[in-house]
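> Spelled out from the first residue to the last, the chains are:
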Amino acid sequence: MADYLDGRLDAFDGVYAALAGRIRGYLYTLCRDASLADDLVQDTFMQIHRSRRTYEPGRPVTPWVFAIARHVFLMQRRTAGRRQRFADALAADALHTDRPRDEAAAVIDRDEVRRTLRQVPPEQRQAVLMHHVEGRSFAEIAARLGIRVNAAKTRAFRGMKKMRETMKGSPD
Amino acid sequence: MPAPKPLRDAIERDLKSTRPLRRPSTRALALAPVAAAILVGVPLLHAFRGDMDVLGFVRAWGFSIAQTVLGLVVIALALRESIPGRSLAAGTVATTVVSGLALPMVLVVMTSSRFDIGPGPGLALVDGAACFKTSALAAVPAIIVAAILAARAFPLRPGIAGGLYGLGAGLMADAGLRLYCDYSVPSHVLFAHGGAVAASMVAGACVAIVVARGQG
Chain A
1 MADYLDGRLD
11 AFDGVYAALA
21 GRIRGYLYTL
31 CRDASLADDL
41 VQDTFMQIHR
51 SRRTYEPGRP
61 VTPWVFAIAR
71 HVFLMQRRTA
81 GRRQRFADAL
91 AADALHTDRP
101 RDEAAAVIDR
111 DEVRRTLRQV
121 PPEQRQAVLM
131 HHVEGRSFAE
141 IAARLGIRVN
151 AAKTRAFRGM
161 KKMRETMKGS
171 PD
Chain B
1 MPAPKPLRDA
11 IERDLKSTRP
21 LRRPSTRALA
31 LAPVAAAILV
41 GVPLLHAFRG
51 DMDVLGFVRA
61 WGFSIAQTVL
71 GLVVIALALR
81 ESIPGRSLAA
91 GTVATTVVSG
101 LALPMVLVVM
111 TSSRFDIGPG
121 PGLALVDGAA
131 CFKTSALAAV
141 PAIIVAAILA
151 ARAFPLRPGI
161 AGGLYGLGAG
171 LMADAGLRLY
181 CDYSVPSHVL
191 FAHGGAVAAS
201 MVAGACVAIV
211 VARGQG
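Chains as they are written, first to last, in our numbering: chain A, 1 to 172; chain B, 1 to 216.
Bound conformation, chain A alone (with noise of 0.2 Å):
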């Protein structure tokens, strides 16, 4: 760990080796899902990695290292549950309305947006796609692009404005 502090890759795939397998274990008895705890995996180490100034050289390195991928699995089960109300909160929006949605008028909405979506730059694209269709945080797009979180907000924020510039300049 401590070579690891020091910037050496190798001392990163030390740690890794002797960690992975452990906090995958440990993820899966969390949330019961293999793929899911092996995104985990990844979300945690990049966590580690963040934050690994934090790590006090000459302290066991499990407690500090298993606390980061408890919080990792929280933070995803929250953005789920966020993720799966807003869901729910659609649902009952459409079922509760006055007047039912127009079928077609709904095929042309989801076309319009499909296409705007399709003239924003991929990298925006990308950012778009995962903060406000599957509900990730930008500390998570960070970590699984391999960019700064100021980069991933940036992009999507970047991505939904030039969405809205050429909504209003379609013709209707």
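Hints may be right or wrong, so weigh each one.
So, partial list: chain A residues that the calculated Cβ filter (under 8 Å) puts toward chain B [said to hold, decoys possible]:
1. 7
2. 30
3. 31
4. 55
5. 63
Treat the hints as calculated values from the structure; they're not laboratory data.
We put the CB at the ideal spot given by N, CA and C, even for glycine.
Given the coordinates of chain A, work out where chain B should sit on it, guided by the hints.
Just chain B now, with coordinates in the frame of chain A:
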């Protein structure tokens, strides 16, 4: 098990030598100048209580310095709470909060021999609000510095870490306030002095939660 390539690449891009944070107790000492400024600044900006001579050095300055040190200890606990894997036990947090909130009253009991010195008729609210405002404002600089120190770590329970450093900052402010306010009526001490400490605690928790959300 080798690290997946995208993860390894992301780590490699950002990898540089990093100096670990110092121990929480050492980092809490960064607040010592702020604590000293609050301790001396509150009575200097307003006035020293009238019975300083009667109290003597130990019961006046001694107790306030001890309270300031306790405030620093609580902030050190908050900084420890901000380190992953070093979270405080629920019992420790509860004991710290209850003791911290009770401390202003305990000090008045240890300092005063009578508990009927208070605001004049009709002034309870005005004087109470003045003490509350003075103490709450005095805690602000300590909350800001502590929030910066905690945010440099990685608080997994920001509400608890913030509540603790808010409590520590509130105790520091109250240490200065008790050198200015000589009221010993329990209602004033509980609501104005204790209330300001509680308000600082809540403010600290809110600040920490907002900072944590801002950090993503």
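> Next, verify each hint and record whether it holds.
Going down the list of hints, with the structure as the test:
Taken as an interface hint, residue 7/A checks out: its beta carbon lies about 4 Å from the nearest beta carbon of chain B, inside 8 Å. Restraint check, residue 30/A versus chain B: the minimum CB separation of about 15 Å is more than 8 Å; hint violated. Residue-level restraint check for residue 31/A is violated (minimum Cβ-Cβ distance to chain B is 18 Å; threshold 8 Å). Interface restraint check: residue 55/A against chain B, minimum CB-CB distance 6 Å, threshold 8 Å, status holds.
Annotation: interface hint on residue 63/A holds; nearest CB of chain B at approximately 4 Å, less than 8 Å.
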